[in-house]
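Sequence lines, in order, name chains A and B. Note that our numbering has the first sequence beginning at 266, numbered continuously upward. Note that our numbering has the second sequence beginning at 3, numbered continuously upward.
Take these hints with a grain of salt, some might be off.
If you want the ones that stay clear, here's a sample from chain B, every Cβ over 12 Å from chain A, calculated [to be verified]: (1) Ala196; (2) Gln348; (3) Trp362; (4) Leu517.
The list that follows gives simulated cross-link-like pairs (lysine-lysine, DSSO-like), each with its CA atoms no further than 30 Å apart [stated by the list, open to error]: (5) Lys358(B) / Lys273(A); (6) Lys542(B) / Lys193(B); (7) Lys542(B) / Lys273(A); (8) Lys32(B) / Lys520(B); (9) Lys32(B) / Lys193(B).
Some chain A residues flagged as far from chain B (calculated, every beta-carbon gap over 10 Å) [stated by the list, open to error]: (10) Arg270; (11) Thr366; (12) Glu403.
If you're looking for bench data, these hints aren't it; they were derived computationally from the structure. Glycine included, every Cβ here is placed at the ideal spot set by N, Cα and C.
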Amino acid sequence: MEIHRYEKAWFVAGMVLIVGFIGTIAYGAVGPGIAMVDDSGGQVGATPIANGNWDAVDNFQEPGVYQSGENSYDVYIVAQRFAFNPGTGEPVRVPAGSEVTFYVASADVMHGFNIAGTNVNVMVAPGQVSKMTARFDEPATYGIICHEYCGAGHHDMAGTMEVVPQSEYDQEPSDGEDRERLRAALTYGGDR
Amino acid sequence: MATITPDESDTGTATDDQVIDEDRNAFVDKFPTEARLTRYTFLVAFVALGIGGLFGLIQALHRTGAFRGFVSSADYYTILTGHGVLLVLVFTTFFISGFFNWAITRSLDRGSVDPRVEYGGFAMLLVGTVLAAVAILGGLVDSVPLSADVLFTFYPPLQAHPAFYIGAALIVVGSWVVGLGWFRRFWAWRKTNADERIPLQAFMVLTTMVMWYVATIGIAIEVVVFLIPWSLGLISTPDPTLARTLFWFFGHPVVYFWLLPAYLAWYTIMPKLAGGRLFSDPLARIVFVLFVLLSTPVGFHHQYVDPGIPEGFKFVAMTNTMFLLLPSLLTAFTVVASLEHAGRQQGGDGYFGWLKTLPWGNPAFSGMALAGLMFAAGGFSGMINAGMNINYLVHNTLWVPGHFHLTVGTAFALTAMAASFWLVPQITGKRLQLRGVAAVQPYMWFLGMTLMSNAMHRAGLIGVPRRTAEPQYEAFNYAQTVGGYGEMRIQIALGGTLLFVALVMFLAVMFATILAGKGGDLRVNSEFPEPLSGAEDAPKVLDNLRLWAVFALLLVVLAYGFPIYSMIQSGALDPTIPAVPVSVAGWLPI
Chain A
266 MEIHRYEKAW
276 FVAGMVLIVG
286 FIGTIAYGAV
296 GPGIAMVDDS
306 GGQVGATPIA
316 NGNWDAVDNF
326 QEPGVYQSGE
336 NSYDVYIVAQ
346 RFAFNPGTGE
356 PVRVPAGSEV
366 TFYVASADVM
376 HGFNIAGTNV
386 NVMVAPGQVS
396 KMTARFDEPA
406 TYGIICHEYC
416 GAGHHDMAGT
426 MEVVPQSEYD
436 QEPSDGEDRE
446 RLRAALTYGG
456 DR
Chain B
3 MATITPDESD
13 TGTATDDQVI
23 DEDRNAFVDK
33 FPTEARLTRY
43 TFLVAFVALG
53 IGGLFGLIQA
63 LHRTGAFRGF
73 VSSADYYTIL
83 TGHGVLLVLV
93 FTTFFISGFF
103 NWAITRSLDR
113 GSVDPRVEYG
123 GFAMLLVGTV
133 LAAVAILGGL
143 VDSVPLSADV
153 LFTFYPPLQA
163 HPAFYIGAAL
173 IVVGSWVVGL
183 GWFRRFWAWR
193 KTNADERIPL
203 QAFMVLTTMV
213 MWYVATIGIA
223 IEVVVFLIPW
233 SLGLISTPDP
243 TLARTLFWFF
253 GHPVVYFWLL
263 PAYLAWYTIM
273 PKLAGGRLFS
283 DPLARIVFVL
293 FVLLSTPVGF
303 HHQYVDPGIP
313 EGFKFVAMTN
323 TMFLLLPSLL
333 TAFTVVASLE
343 HAGRQQGGDG
353 YFGWLKTLPW
363 GNPAFSGMAL
373 AGLMFAAGGF
383 SGMINAGMNI
393 NYLVHNTLWV
403 PGHFHLTVGT
413 AFALTAMAAS
423 FWLVPQITGK
433 RLQLRGVAAV
443 QPYMWFLGMT
453 LMSNAMHRAG
463 LIGVPRRTAE
473 PQYEAFNYAQ
483 TVGGYGEMRI
493 QIALGGTLLF
503 VALVMFLAVM
513 FATILAGKGG
523 DLRVNSEFPE
533 PLSGAEDAPK
543 VLDNLRLWAV
553 FALLLVVLAY
563 GFPIYSMIQS
573 GALDPTIPAV
583 PVSVAGWLPI
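Can you build the whole structure from these sequences, using the hints too?
Quick look at the structure:
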């Protein structure tokens, strides 16, 4: 077979580009440590969550923010048509400079969980827990978006996340009563 | 007697002289049965394109907030489903059926072995389309108990009316049957041409179909084994992750099912229109074989951010995806080299002088060339999507529709329109009408897509999501960027409107041509000049389709066997831990 020499050069350049791309991704994983969302979040039935039977589900008894270390927090969030709990009714609040691990589960259909403009961007599949860790160094307010179509009210499903200065965070513990009210609203008003 | 050189097209100045049939050398005169089938498939494709495009305009105006009076935001998703299904499933499948039917007939110089097979496939495609369309459009009428606003991806547990799933299944099976007709023709040709190389266009049609048969296994299992029985209430909710995996098994290779016909046009038709010839036949064959091998084991790259799938499987799919860049890069070289050769034949010189000699006023050429140019841009954003780590930034944002409106929405759609300008006169025996409109049309599309797609890409980078009726949120604002979000919204609305105008221009030319009287000097033919480097230079093993099919299946088993096995091990088929069934149709008691 006859291959033109420019074709050969182009072929080699193409292969270098491809191998280079794969190299950058491999480096991203081992260097800066960019981990993909995987199966480490475990599985959880959507039905007990949807039925409001929170106590039957480990770790999702009480969705919200939990301190797990000196500078680290675990955030448990339930995504349900058409709200995040917490996130929609009350913002997710974490102190600046902390490492936050999100655990997101769906109570009904496929949802998305994206903190707009950041790397926190996962699918939320019924039956699976989406686990993802991120660092938030500066105080800021972010929008949380459901980016996977989940029904006629999909465009209303959004929330906020507030990264507040450490001093402010210590003064204002989150309000348990608000959460109770939101949970009741979610349980009865899941459809529209 | 008028002679027709291979380089002439139907868009130059033509005389109105009556000529007798032997001078016309049009496809329809030689193969009337095949031409009729291609006419039927094109007609359905154009109708789907018109309706789907109208839905696209409604979306562009609605989601940017330019005008929200057509539908409510809740009904927006029905329009979105119609846009997706009519354009990427119905328009593409019908157009490709007709286009490939022409290509394989012309290239093997042989009519159908039994036209009932191809017509049977066409009938299945049509019935499937009607079922799916009725199910979708029923969602707009309150009194009709049908709905299917589950979008083109129809992830369970969102549920559509069974007619939607049955229609989708019939469209896939119909395409299998049409393809069977082409293989039967090839086998018949092989009997009398045992030692000959497969003609290039036939080779491209057959390899694309081998890829398509492998790729549709996933969707066939998802729809027939899980979704149809589930929508009929026979089984409980299928596992959402397994269903999504089966969907994307098909969902990425399907884009090559759209793209390879465009490649066929760029490799074989475009160099001729430019007044030249294909640079390398062997390389074209290698490109298509690479697509057969690598197209299917890449679907996990749509599931980079899915929970429940180990990172290793995603990494394997990522490497496959990256190597899939190779055939497209080779295509870029061969196509541009062929055009440069054509330009230099016409006297163009210097580094870029040859570009000026190309027939930019011929819509068949300019459409394909502009489509190729936009595909290059779409290829670069595709490389970003394939990058596992940067995918976090763009997954399910408006970036993604920005990307695929360049690939499917331009590389395929604009090439299909350009090919129609050239091909419809040949399959109807009528001269192209409204040539001035036709000459402007590709540029209009290009302009509209430039505005819409660049704004979509940039909006995606600041986190604006796709697939939403109202991307503005009361609680927060998107990060400010150059130009701002408002400017992007205007570009999307304006670009979408220009695209719709271009679409109307195309349909006007087509229907004027179809309705025009017969006769006259067509000045088009289906002859192609020999490539510079011909098939005799290609290794014989490239023509061994069975070998490539086996290798392709083997790679699929390697990429998908263990992940699917492990999903089943962790309870994907266990009905005791289902998701909540959510009926969008509202006809199932839940």
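Going down the list of hints, with the structure as the test:
1. Ala196: Correct as stated: the minimum Cβ-Cβ distance to chain A is 22 Å, above 12 Å.
2. Gln348: 21 Å, holds
3. Trp362: Per Cβ check, Trp362(B) is outside 12 Å of chain A; nearest 25 Å; holds.
4. Leu517: 40 Å, holds
5. Lys358(B) / Lys273(A): Given that 30 Å is the threshold and the Cα spacing comes to 27 Å, the pair holds.
6. Lys542(B) / Lys193(B): With Cα atoms ~17 Å apart, Lys542(B) and Lys193(B) stay inside 30 Å; holds.
7. Lys542(B) / Lys273(A): 20 Å, holds
8. Lys32(B) / Lys520(B): Judged against 30 Å, a Cα distance of about 16 Å means the pair holds.
9. Lys32(B) / Lys193(B): 22 Å, holds
10. Arg270: Correct as stated: the minimum Cβ-Cβ distance to chain B is 12 Å, above 10 Å.
11. Thr366: 13 Å, holds
12. Glu403: 13 Å, holds
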